[in-house]
Amino acid sequence: ILNVEQSPQSLHVQEGDSTNFTCSFPSSNFYALHWYRWETAKSPEALFVMTLNGDEKKKGRISATLNTKEGYSYLYIKGSQPEDSATYLCAFRAGGTSYGKLTFGQGTILTVHP
Amino acid sequence: AAGVIQSPRHLIKEKRETATLKCYPIPRHDTVYWYQQGPGQDPQFLISFYEKMQSDKGSIPDRFSAQQFSDYHSELNMSSLELGDSALYFCASTSTEWGSEGYTFGSGTRLTVV
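Residue numbers (this note's numbering), protein chains in the order written: chain E, 11 to 124; chain V, 2 to 115.
Everything labelled a hint here was simulated from the structure, so no lab data went into it. Since we're looking at a predicted model, the values are computed, not measured. Backbone N, C-alpha and C define an ideal beta-carbon position, used for all residues, glycine too. Treat the hints with caution; some may be incorrect.
[To be verified] Sample of chain V residues at the chain E side, in silico, Cβ under 8 Å:
#1 His30
#2 Thr32
#3 Asp57
[Stated by the list, open to error] Covered, in the sense of this in silico footprint (three residues per stretch, anywhere, with C-beta under 8 Å from a C-beta of chain V), are these stretches of chain E:
#4 56 to 67
#5 111 to 121
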């Protein structure tokens, strides 16, 4: 059973604050680490797919880093806005014959207060 | 742009009834995944299909079956429904040619068993 853990489970920040949260995953048999943003009543939206150790990806005010050797990824949001409020899911994809199956963490629920 | 279409959006069934959930992937996506998310839980992988063949199987009960048709749409059939089957069922699709893309999720079918 693959263990994908996210922390914290929930986070409340004020508009303008920068924030970050963590996803830890198995450090062996790594293929890819996905980050998704999931707003209530909508479907999860892909943010990043990270495949290389040391990868850093950025989309607007959101960025992510990847350390496959120690099995963690950080997601950063700079200058949080109320529209950033969502659940942020990470998902681990193992190599080998997993046929692309993703194992999800529990998610971090971010609430940005105006 | 076309997205992953799931139907129905909501479904209410009684115990021991049967339900069929449908998923229409993005055109040219060859792989479909089904996930189940119970209340307060992370999404759990159920089953996947690549080019109309089952490619991987997760924690899918024997009461459930699924298939992918020639037009690549997939159906999840659930029989002898139990109260514990109440959950949000997500379908996601991807193309194996585009390894660096995240998966595209449908909006989900919320199944309530009463």
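* Holds or violated: is there a CB of chain E closer than 8 Å to the CB of threonine 32 of chain V? -> With a closest approach of 6 Å, the threonine 32 of chain V hint holds.
* Do three or more residues of the stretch 56 to 67 of chain E come closer than 8 Å to chain V, measuring C-beta to C-beta? -> holds (count 5)
* Closer than 8 Å between Cβ atoms is the bar; does histidine 30 of chain V clear it against chain E? Give me holds or violated. => The hint is violated - histidine 30 of chain V has no Cβ within 8 Å of chain E, the shortest such distance being about 11 Å.
* Interface hint status, aspartate 57 of chain V versus chain E (Cβ within 8 Å) -> holds, 4 Å
* Claimed coverage, the stretch 111 to 121 of chain E by chain V - three or more beta carbons nearer than 8 Å -> That given contact holds, which follows from 7 residues of the stretch 111 to 121 of chain E lying within Cβ reach (below 8 Å) of chain V.
The structure shown violates just one earlier hint, number 1.
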